[in-house]
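Counting in our numbering, the sequence shown runs from 124 upward without gaps.
Rather than coming from a laboratory, the hints here were simulated on the basis of the structure. Every residue gets a Cβ at the ideal spot worked out from N, C-alpha and C, and that includes glycine. Where hints are given, some of them may not hold.
Quick list of the computed label-pair ranges, beta carbon to beta carbon [what the hints assert, rightly or not]:
{"hint": "1", "residue 1": "Gly257", "residue 2": "Pro370", "range": "31 to 37 Å"}
{"hint": "2", "residue 1": "Asp231", "residue 2": "Gln330", "range": "25 to 31 Å"}
{"hint": "3", "residue 1": "Arg135", "residue 2": "Arg209", "range": "37 to 43 Å"}
{"hint": "4", "residue 1": "Ala210", "residue 2": "Asp278", "range": "24 to 30 Å"}
{"hint": "5", "residue 1": "Ala155", "residue 2": "Asp216", "range": "53 to 59 Å"}
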Amino acid sequence: MTRVDRAILVSRADPAEVDRLAADLTALGVRAGRDLLVHCSMRRMGPVAGGPATLLAALRRVAGPAATVVVPAQTAGNSPTSPAFRAATEGLDAAGRAAYEARLPGFDPATTPSEGMGIFAEYLRRQPGAARSGHPLTSFAAIGRRAAEFTAVHDLDCHLGERSPLGRLYRAGAAVLLLGVDYTRCTALHLAEYRPEARRPAGPPPQRAYRCYVLVAGRRERRDFLAPSLDMSDFSALGAAIDAGLPVGRGLVGSAPTRLLDLRDAVDFATTWMAGHRRP
Numbered sequence: 124m125t126r127v128d129r130a131i132l133v134s135r136a137d138p139a140e141v142d143r144l145a146a147d148l149t150a151l152g153v154r155a156g157r158d159l160l161v162h163c164s165m166r167r168m169g170p171v172a173g174g175p176a177t178l179l180a181a182l183r184r185v186a187g188p189a190a191t192v193v194v195p196a197q198t199a200g201n202s203p204t205s206p207a208f209r210a211a212t213e214g215l216d217a218a219g220r221a222a223y224e225a226r227l228p229g230f231d232p233a234t235t236p237s238e239g240m241g242i243f244a245e246y247l248r249r250q251p252g253a254a255r256s257g258h259p260l261t262s263f264a265a266i267g268r269r270a271a272e273f274t275a276v277h278d279l280d281c282h283l284g285e286r287s288p289l290g291r292l293y294r295a296g297a298a299v300l301l302l303g304v305d306y307t308r309c310t311a312l313h314l315a316e317y318r319p320e321a322r323r324p325a326g327p328p329p330q331r332a333y334r335c336y337v338l339v340a341g342r343r344e345r346r347d348f349l350a351p352s353l354d355m356s357d358f359s360a361l362g363a364a365i366d367a368g369l370p371v372g373r374g375l376v377g378s379a380p381t382r383l384l385d386l387r388d389a390v391d392f393a394t395t396w397m398a399g400h401r402r403p
């Protein structure tokens with residue numbers, strides 16, 4: 124059993140801690156009725172009685188029943204084109220890599236754990252009533268009034284673009300909560316890379332080949348597709364520009380430095396910034 128599994132099994136919201144975190148979120152600017160895309164490191168928050176259950180209860184109390192909470196639920200363990208696969212098979216010959224690939228599990232949105240997304244994201248994904256998008260590499264999970272709507276469309280060739288949950292969150296006027304993490308974890312900024320306006324003078328993002336495995340009616344099937352090769356190497360610089368150029372709520376949630384920003388404003392800003400700063 125992993126640390127995430129153990130934390131989720133024992134997680135039960137603590138009323139006093141819910142009050143404390145709810146006050147922090149309110150002071151930061153989280154408001155009722157606004158959908159939230161949450162990137163979270165609970166380790167940065169310090170000790171939180173009740174762990175992820177407490178944080179989710181606080182978020183839902185402040186955001187209210189009309190809001191939906193969304194988290195990344197990404198997976199790379201089913202793809203031989205992922206950096207995780209390359210690291211795991213470094214030093215193996217072709218036969219060894221093929222044997223390793225043959226053992227890769229197929230992605231099932233109902234049961235496949237997220238990878239590297241943190242305790243909170245995995246806790247939310249497992250909650251009754253949560254929905255998850257169907258992309259085998261870059262899925263999102265959501266809970267709340269619009270969970271099914273936000274996760275309904277996630278095309279295979281559109282990891283983090285308009286035909287993903289990010290496109291719907293943009294149109295819904297959602298906010299982004301960076302709780303204990305920096306802009307390099309802000310998946311919403313990738314949405315700007317798909318915008319034609321961001322491609323001058325660098326041109327469109329290069330396409331690359333992807334391969335992964337999915338479960339269909341219990342049977343493992345291979346999927347090959349082309350999609351943009353996304354680039355987060357300049358997100359720290361982009362984030363500094365966002366902090367300087369946009370109204371960004373800043374404060375502590377628990378002990379974690381946290382930012383709250385408008386998703387649409389951030390993506391529009393990133394689109395213009397990329398057009399001026401990225402080079403061919």
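Hint by hint, here is what the structure shows:
Distance hint for glycine 257 and proline 370: a CB-CB separation of about 35 Å, consistent with the stated range 31 to 37 Å. Checked against the given bound of 25 to 31 Å, the beta carbons of aspartate 231 and glutamine 330, roughly 27 Å apart, stay inside it. Against the hinted window of 37 to 43 Å, the Cβ-Cβ separation of arginine 135 and arginine 209 comes to about 39 Å, which satisfies the hint. Judged by the Cβ atoms, the range 24 to 30 Å given for alanine 210 and aspartate 278 holds: they are separated by roughly 28 Å.
Distance hint check: the CB atoms of alanine 155 and aspartate 216 are about 58 Å apart, consistent with the given range 53 to 59 Å.
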